Amino acid sequence: MKNLQLFRVKFRFFGVLFFMLCISILSFGQTQSVRGVVTSDPDREPVPGAIVSIKGTQKGTVTDIDGVFSITATPGDILVVSFVGFTTQEIAVVSGQTNLSINLVNSISDLSEVVVVGYGSQIKKEVTGAIQSIGGAELKDMPVSTIAQKLQGRLAGVQINQTTGQPGRGMQVRIRGQLSVSGGSEPLYVVDGFPITGDINSINPDEIEDISVLKDAASTALYGSRATNGVVLITTKKGKAGQTNVNLNVFTGFQKVPMRGRLEMMNAEEFAQFKKEYYEDAKRPVPSIFQDPAQFKDKNNDWYDALLQTAPISSYNLTLTSNKDRVNTSAVVGIFDQKGVVVNTDYKRFSLRLNTDYKISDKVNIGVNVAPNYVFDNTPRSDGDRGQGIIFNALHTWPVMPIRDEKGELTLFNRFPAETGNIFAYPNWVRSAQELTNETTRLNLLATSYLEWKPIKNLSLKSTFNVELNNSRFFFSNPSTATSAINQAIPTVAASIRETNNNISWLNENIATYRNTINDHSFEVLAGFSNQRFRLDQYRIQADTYADDRILTSQAAVNINRGGTFNAVQEWSLTSVFSRLTYSYKGKYLFTASARGDGSSRFGVNNRWGIFPSTSVGWVLSDEEFLKGNPTISFAKLRSSFGITGNNNIGNYTQYALINNTVNVAFGNTLTPGAAVTSLDNPNLGWETTSQIDAGFDIGFLDDRISFNYDYFTKNTTNLLYAVQIPQESGFTNFNDNIGEIKFWGHEFQINAVPTTGAFKWTVNANISFNRNEVISLADGIDRVYGSFHITKVGEPFGQFYGLQKLGNYANEADLANSPKIPGRSTVGSIKLQDINKDGVITFGGNQDDRTIIGNPFPDFVYGISNNFNYKNWDMSIVGSGNHGQDLYMRHLYSLANLDGVFNMVRKAKDRFRSPTNPGEGIFGTTVGGGNVTGIERDWPNSNFVWDASFFTIRNITLGYTFTKLPKAIRSARLYASAQNVLVFTNYWGGQNPEVSMQSNGLGDGGNLSPGVDLGPYPVPRTITFGANINF
Amino acid sequence: MKKYSIIFLILLMTFTSCEDFLTVIPETQLSSATYFKTEKDFVQAINGAYAPLRGYYNGPAWLLGELHSDNTFYLRNVLFGAVENAENLADFSVPISNGTTPNSNVLSAWRTLYLIISRCNQVLATIDSVEFNADSKNNIKGQALFLRAFSYFHLVRYFQKVPLHLIPVPGRDGSGLPLSEEAAVFDQISKDLTAAVPLLPQKSTQLPGRVTQGAARTLLADVFIYRKRWSDAEQALAPVISSGQYSLMPSYALAFPKNSTNKNNAESVFEVQFREGPDGLQGNFLYQHLPYPLTVAEVKSLFNTTNPQPLDGQGNNIPTPDIIAAYEPGDLRKDASIMNITVSGRPGNNKITPIIKKFQDAHAQHQNHGINWPVYRYAEVLLLMAEALNEQGKSGDAVGLLNQVRSRAGLGASTAAGQAQVREAIFKERRVELAFENKRWFDIMRTGRIQEIIVPYGQRIVANPLNYYFPPIPGAVPRNNVFTNLEKFFPYPAAESEISPFF
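Line by line, the protein sequences give chains A and B.
Following this note's numbering, the numbering of the first sequence begins with 465 at its first residue and continues without gaps.
Following this note's numbering, the numbering of the second sequence begins with -1 at its first residue and continues without gaps.
Just so you know, the hints here were simulated from the structure itself, not pulled from any lab data.
Treat the numbers as computed from the prediction; the structure is a model and nothing was measured.
Among these hints, one or two may not hold up.
In silico DSS-like links for lysine-lysine, alpha-carbon gap of 27 Å or less [stated by the list, open to error]:
| hint | chain 1 | residue 1 | chain 2 | residue 2 |
| --- | --- | --- | --- | --- |
| 1 | A | LYS1092 | A | LYS519 |
| 2 | A | LYS740 | A | LYS788 |
| 3 | A | LYS1302 | A | LYS740 |
| 4 | A | LYS1270 | A | LYS1225 |
| 5 | A | LYS740 | B | LYS135 |
| 6 | B | LYS349 | A | LYS747 |
Between beta-carbon pairs, the in silico distance windows are [unchecked claim]:
| hint | chain 1 | residue 1 | chain 2 | residue 2 | range |
| --- | --- | --- | --- | --- | --- |
| 7 | B | PRO319 | A | ARG724 | 56 to 66 Å |
| 8 | B | LYS38 | A | THR1017 | 32 to 42 Å |
| 9 | B | GLU25 | A | ASP1087 | 34 to 44 Å |
Built from N, CA and C at the ideal position, the CB exists for glycine as well.
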């Protein structure tokens, strides 16, 4: 059904023409009049404009807007019913049967479909770029809050990871592995032609008709300096020709964190046993509380589990579409309500969209789309490092510490006497989750409008004016009874943050399009110019120390925190000219060229304008004589493209030397304002440039029952936007410059097949992509950039894990004596590391460094598979996807395997080294010797932190049943059950989510140069829902 | 055609206004293009140059200058790892590899001092091109020259040869410079200070807390003494003593600024200004100079804050038995400088632990106090002068100055006679008078007494770890690499060495 309505619009005129032609033919009719209704499978919607003809004759008719036709035929005649995008059906006319019901099935081949491309659309057969599109209908049943979750596993060359389970957040989309050193790496989202600046997740997925993902430079170059990360085009719903449709789509269900996959921590008894052994091994007296671990047998406190709940999720959408006379309207009203699996998480979205197109005359069209929505989101400070994330903190809390007291009340905080080795005070994290407020309220408005004028045949002049408004309010508060920080005794200091962000982005585009076909030459010329401007106003007040926890207003605070209180403005502007020529000869030799010129306020005055050209060619081999009518190969196309695109995600004022005028000082206890230059200017600063070559082919077999696509790409990103570290003797930490080069290349395979047709229909789509990257150069004199446990180095892929290589633990005195070691620190049973530089001593950092690359956060390949089954009224779909061969850095082991027993520990630490005769599993070393010994394995990043995180996840299984016998008011009805994140297959043991893979949660060591860090984020639940989809 | 003309016109208008449309100046932040134009800009810029002093004295200054000496040590807490950055300084095991070290405190000293230098360079490079009141301009220039010289004086004593930045860096090129010879750095320091002296007003006419002529002269004298230019030092200091701007406070305890009072008192020549409160101008060094762990009650009894929190980790700058023993009997400074507290969380039977008292004062908020750090006090002016005189053979005059300091401490006149004895007496007097004021390491290294003092100090620690606050826990003993790095100068910070092509 993809893009069907677009096609219907296009072909309506031909349909009407044909209809009139047929009326004149009708007079030839003889014996019996046959009436029928043509509907589409499986939703049983009427198909207007379908052609019904009698085989072997010139007799025929066209269905009306209700899908009804009437034709005079003789019994024994064969009726041929056809419509674009559907498999043609033949029905014999039986004597006396005057009412036919014909259900058209989607055709296997989608080559005639229309694909949305930048600034227009193309017939799929003639597309020369690497574009993949997906219809909204394919994604409709999935019970998730974000669009990206729906796309997981369906797109070749697009890696989509869910880095956290927080509702509405954490989706990371990387097209063709694109990465920037410091600029953004998310694709550009374009909604109805408008590149948006706000959160794509605030858009109700039910409003979406179609999503096109532009991957190669030829497809994206028309978006110029914003195109390098790929472009996602989203088209919202429009009415279908001649129809009025009311659709109700509801689902409700629940989410739960499965036991399987959780990070296995010690329970109270195991922890007490560990502590007992710890003191025994150190030959120190065992604190009384740990002398009898069995006493904790039934007194376990699972702090992680205590934060979780089974949470409801529900969604209600009402869609009204109408396309009659001169008005095409669609309205979508949606309510999405999700509680999170971590207590006190709440995500709600109320959305409305009203799309209207009005045809003033044959020459003039206008249209207005208005889509306001309201998103409320309260998520406890769940994710992040110690001090920030309560999930991380909960994992660390001793399981012998009570969650609830004898009366069943939540404890305030726990702190054991110092002789137990308890260092930190542990606030009650359940209380923290319940009592901390961390809410964001967003009010968004997306409005697009256009005026189109066709002064002469084939020429269209279109002017658009689009506005995006976002207002977001953030409120954080912790009363004196709760905190997200570890080692805070309760009562603590009550604090609050209030932040308001208002942004407005407007865009004006003016485009002229001329298309014509002269003999065998078809061409389209497009030219336009546009202006876009963005402004963000930010207000923030941070305050603390309150007399009363109930009133956390700014004025009730004793302190207004100066560092956290500010207002700020962010602005940018972009002026562009662009043009494209599309040419085809006989529909088989295809050529496209485009160019965009972007002037951006973000770039230095000496480098303000950039030109981004592209070209692509295609050759439809199957239209050539030598392949025409080939019984096996039904379609074959070769395509290739080249183009240059840019990335302008560098912040708005990076080119300027900025003065910080709050570098204040005290003189004699009087606050005195001070100022300092805090950055260096660079008038030459420009965009990142990526030149990309793509070559691929599309091939169809057996009447396109099997189709196969392949793409190879190679791209070089140069002039990387990077804050180059400079010696700080300069007084500055870095200089914003365009440096270095990264090469990306990859292979993408996609196969669509229909193994069975007929009553039991099965379609399958599978894709696999291999992405690689290599750093070709960095700045002059710099061949590597270090992170805490990452390195980005010339000749290697980006962001590799870097540290010491673990060989095991020193097995005994002889092993210790004969192996390189750390003078004064290594002991029997402590971690044995590889002496990379063979100097006989293990050294971390400095000139005798033994560090090496210890893991790769990037997968060898990513893959996805989706299956659709139809049997009679039943339908079923299964979608799965996975990453293979990537490693994760278990950052949380730093403290969750602290062998000094400071925190609760991973269960694997039970099998640590205790003596040469009891060496354990080999993962964790001896506890004897204190921080001087145990500190090596936790403080020095090493391969013990790096684990394979390959996974395959069954994303979604949906089972539906469509009812056929229905009351008259209901046109169709379908009930379904859907399960999301059904199963994760992985050997990764560091936590519930192997997809944290691309980076950490933006906290701690996050960022492009340090991907693949696990800090134990918000878990991704399994969701089970039941829904109904009813058309009136 | 008319319609086309309109479109053409719109097109034309768009492009002519293009450069304006594309020039977006930051609205809520100043940029260099519009700054350094008025007197006010320069006043604020010189104020900004003082700001890093807070971080320097709250951290690296005492870590490199006091903990790295025989005056203070750390209190080992075996539950904590990742404390080697402070430990390495205290027990003279700063790792060195090809002349560089990963020690984070060495790095932060380097970076903080150069931050001051770059801010001073910014002021000095632009101030002469702007016309404004000459007195005000001279005052600002004098402060900038002082702060630059001050920073280089610390750098050159830490690292000997350092890059000499005298103008703002233009961009990536020029951001790193070759190492300048020690003598060249000292020449620049003397030149800057000699220029600063006449530009700066006396303390009585300067805003309290800012650099004064007296401060510039004292710093210059300190530089000369380091260079053993004794008569130059005497000449620099004489006007300070005769100016009438300074005097010793009546008691030693009163010499030190309190949280909000007694700042920039009559004895103060130069002190780093802190201010308590939420404005980010506070210090928390009192909390770093404590034995850990401390309970809420113990913290409360020390500082009487409204929101005391327990403290954990490993404490530093704990007075050693050596400094405690260095006070002569009857020295009033001992009890004013050091006090004993009970640390209930300390393993073993000995819970009584000495801490530095001289800076202690109550304050309102946990980890947030406004106690200024005394950099130069008049007492030191007297001791510097005594040293300068003694080294020129005027031992009698020197003893007179020395006795001024001793007499306030409740001690009788020094019995030292002759240049050698007086030299030793001054050296000892400096240790107790200026204890915990980050003078000790510089005194030891500039007088060439590292081997003589630090080696036996190390032997005492290794022989009696319990006396030096190691817990009575098996294995909790000094690491086997202690007292292995007795170099006069610190290695260069590795993180800077990685970036700079010159070292």
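Which of the numbered hints are not met once you compare them with the structure shown? 2, 3, 4, 5, 9
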